[in-house]
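Spelled out from the first residue to the last, the chains are:
Protein chains: 2
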Amino acid sequence: MAQKPAIPKGTRDFSPVEMAKRNYIFDTIKSVFVKYGYQPIETPAMENLSTLMGKYGEEGDKLLFKILNSGDFLAKANEQFLTEKNSVKTTTQISEKGLRYDLTVPFARFVVQHQNEITFPFKRYQIQPVWRADRPQKGRYREFYQCDVDVVGSDSLMNEVELIQIVDDVYNALGINVVVKLNNRKILTGIAEIIGEADKIIDITVAIDKLDKIGLDKVNEELRQKNLSEGAIEKLQPIINLAGTNQEKVETLKSVLKTSEVGLKGVSEIESVLEYLATLTITTEVELDLTLARGLNYYTGAIFEVKALDVQIGSITGGGRYDDLTGIFGLKDVSGVGISFGADRIYDVMNTLDLYPKESIVSTQLLFVNFGEKEALYSLKALQHVRAAGIKAELYPDSAKMKKQMAYANKKEILFVAMAGEDEILENKITLKNMSSGEQSLVTVEEAISIIQK
Amino acid sequence: MAQKPAIPKGTRDFSPVEMAKRNYIFDTIKSVFVKYGYQPIETPAMENLSTLMGKYGEEGDKLLFKILNSGDFLAKANEQFLTEKNSVKTTTQISEKGLRYDLTVPFARFVVQHQNEITFPFKRYQIQPVWRADRPQKGRYREFYQCDVDVVGSDSLMNEVELIQIVDDVYNALGINVVVKLNNRKILTGIAEIIGEADKIIDITVAIDKLDKIGLDKVNEELRQKNLSEGAIEKLQPIINLAGTNQEKVETLKSVLKTSEVGLKGVSEIESVLEYLATLTITTEVELDLTLARGLNYYTGAIFEVKALDVQIGSITGGGRYDDLTGIFGLKDVSGVGISFGADRIYDVMNTLDLYPKESIVSTQLLFVNFGEKEALYSLKALQHVRAAGIKAELYPDSAKMKKQMAYANKKEILFVAMAGEDEILENKITLKNMSSGEQSLVTVEEAISIIQK
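Residue numbers (full-length UniProt numbering), protein chains in the order written: chain X, 1 to 454; chain D, 1 to 454.
Since the hints were made in silico from the structure, they are not lab data. Incorrect hints may have been included.
Said to hold, decoys possible - Here are some, though not all, of the chain D residues that point toward chain X, as calculated from beta-carbon distances under 10 Å:
no. : residue
1   : T11
2   : R22
3   : F73
4   : S363
5   : A407
Unchecked claim - To spell it out: a stretch of chain X is covered by chain D in this simulated footprint if at least three of its residues, at any positions, have a beta carbon under 8 Å from a beta carbon of chain D; those stretches are:
no. : region
6   : 6-17
7   : 38-46
In this text, a Cβ means the ideal position worked out from N, Cα and C, and glycines have one as well.
Please work from the sequences and hints to get the whole structure.
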């Protein structure tokens with residue numbers, strides 16, 4: 001019996017128009033990556049569960065899509081676990097593979113596995129879907145694309161500078177106004193050090209982040225609730241009140257963190273990056289923001305986040321420096337830094353602001369009307385010339401009613417329609433109609449090509 | 001503990017060089033599809049098992065990768081099946097989704113699900129990976145890409161002509177010499193009709209296919225072994241001996257099949273396609289081949305197969321017309337025709353014959369040597385100009401030893417290296433070195449750009 005077709009919840013089909021828009025975004029991002037010397041890699045959708053498990057925390061392990069072993073998968077399963085219906089313990093006995101949860105762990109695995117073939121510093125980008133068994137909701141999908149760009153095997157701050165240039169280039173090309181927020185894990189460590197509250201760094205960052213909304217008194221109150229000592233809170237005041245230009249912030253931090261070696265190292269890193277950027281032509285504002293705590297347990301140096309200025313949507317790009325990405329797979333001391341562009345959020349921003357150039361979503365430019373076999377053959381010959389000139393063009397395959405063929409051109413938003421009936425064939429010409437202006441004229445194929453290419 | 005990293009058997013990582021080659025193939029194929037007015041779609045990696053099961057035969061059902069339900073998946077499983085360790089019956093109780101096995105069934109599902117949004121005739125292409133739990137072997141993978149192009153909602157033979165034009169264009173662009181083999185399911189049905197052996201059509205086709213290798217007597221012997229009557233074998237002789245030009249073959253078939261309505265319909269379809277093609281500029285040879293039986297139970301009209309002439313590798317593209325693709329999902333009478341390009345085999349042919357244009361696999365064109373902070377900043381500024389001119393260029397991120405930086409340029413096959421030390425900075429120039437010829441000269445950045453772009 002016929003089934004009513006549907007797709008799994010949290011997944012999406014992409015129509016031709018959606019694909020054109022998404023490809024415009026991906027192609028723009030890729031062309032920038034390539035201009036900076038980054039090269040693509042791809043890894044399999046499936047990884048061994050031993051590669052994935054334990055890398056994303058307990059919650060992450062649960063959100064991995066696991067693939068049932070082929071064949072008689074129950075044969076090797078423990079009978080007691082089955083009888084008890086113990087799903088957790090049975091899982092690893094009947095499943096050895098899982099779907100990629102992000103691009104970072106597969107990349108780390110790739111670098112270690114291929115370390116002898118790779119030329120370091122390795123500048124790679126990777127644009128592939130990932131899968132998470134999250135509860136689907138607006139803007140959150142179970143299958144979505146990530147666009148990651150990383151350089152591993154170099155601890156030069158030039159890489160941080162380059163990543164900010166890439167952000168600047170990508171969002172200029174897409175036409176999205178953004179601000180880059182910049183922080184450094186070492187500064188946060190330094191702050192925790194000088195106030196003697198190393199383990200409360202997340203509480204502190206979360207509280208400071210609320211300054212604009214709730215005011216200084218409430219921030220300090222929250223810090224007290226989190227059991228920070230009065231002395232620590234007092235020492236924090238210059239940091240909570242940190243304001244002004246990046247340069248002013250840097251000066252304040254230098255003074256506050258003067259007894260913390262790691263803190264000063266962080267300030268110096270930020271200062272260098274800002275200095276390098278100042279010598280270049282960057283149109284995007286870069287703002288030192290101490291409340292930026294993304295991936296705090298993971299990053300060891302720079303932390304980046306990019307926010308769209310004209311749409312309320314949260315971060316659309318983020319990343320940072322990590323000093324031991326590949327350690328989990330046995331390759332120590334490989335420092336890396338990278339950022340990830342959130343394709344789905346960028347897509348939402350582009351749609352909200354309608355930023356696609358018209359030509360980026362055009363498919364067919366010219367449709368030949370089909371008046372019957374003889375005329376169709378004449379059109380096919382003309383089409384060879386038109387396509388050779390790089391124009392996307394097609395013949396309506398059936399000699400259907402004119403109205404139907406015109407409706408097809410309209411729905412596909414085809415700007416030009418060519419008609420070749422008996423008269424045109426006699427003159428070795430075509431009638432070319434501009435569907436937008438309604439203008440039409442009898443022209444040669446070569447003339448039609450130059451009109452369409454104008 | 002550090003694990004030795006590996007990927008699941010039958011899957012592959014793609015390195016930057018492999019990616020460049022594969023992207024060259026995909027981009028070439030895509031650019032042809034687009035020129036003919038085809039539009040891309042994408043469907044999710046996961047489909048409901050109800051969509052996939054029963055569509056690929058019993059063997060296909062076994063080869064589907066099934067995804068374990070999230071959470072306490074055993075809770076709803078039948079206890080008796082578990083106790084008996086009945087894997088087959090347990091499967092559908094603990095798994096509701098599977099990975100895409102091909103692009104055809106998801107496309108049929110897509111067309112039915114979105115029938116009210118689609119403009120028919122719907123010309124779509126789709127390039128995505130598929131997964132099969134096949135035993136991995138040389139050239140056969142568990143994850144591989146398919147490139148499908150189809151038009152549904154039109155039964156015009158113009159579509160068949162167009163698909164052959166696309167094959168011609170794609171392989172001309174890639175530089176692979178091919179022959180297109182053409183057959184028609186209706187002719188095969190007609191043959192079975194006139195010899196009174198409708199159920200033996202596959203045996204007949206397989207036997208005829210061996211004529212070149214084993215000779216006429218052995219072919220007839222094999223037909224006898226398959227229990228064809230002497231009368232049937234006699235009627236088959238003109239078909240087994242079918243030779244000559246396509247036109248000669250067509251004439252023979254018209255005479256042999258004169259009492260079969262469906263057979264004559266098939267001959268007439270082939271004749272029309274060949275006539276249309278004759279009026280166009282097609283460089284690829286198209287050959288009527290009655291032994292072509294691919295997807296016999298599936299196709300209803302034209303059957304296509306493309307073979308590479310200079311490499312022994314089997315079919316690299318294939319397809320045909322199907323009259324009821326969407327019927328399984330409840331949408332009747334939608335005729336379609338399509339072909340699928342075998343990306344992995346094309347990749348093997350391209351590698352064997354080394355057909356990649358040099359520029360298609362070039363990544364970075366220019367590397368700036370890093371002599372230290374001051375020089376690096378000078379280089380970064382120059383790089384902005386170079387990249388704005390569309391040149392792929394990078395700065396070595398660390399001020400490492402010259403030898404190491406040059407080795408990096410060599411391994412990445414970067415043709416030009418720029419050096420900017422104190423002297424160059426004073427003159428506002430760079431020293432540009434061609435790594436292939438060894439030539440080097442002191443030039444302005446603008447001069448360097450025009451040298452590289454030559």
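Hint-by-hint comparison with the structure:
1. T11: At about 4 Å, which falls below the 10 Å cut-off, the nearest Cβ of chain X leaves the hint on T11 (chain D) intact, so it holds.
2. R22: 8 Å, holds
3. F73: 5 Å, holds
4. S363: 5 Å, holds
5. A407: Since chain X brings a Cβ to about 8 Å from A407 (chain D), closer than 10 Å, the hint holds.
6. 6-17: Per the Cβ count (9), the hint holds.
7. 38-46: holds (count 8)
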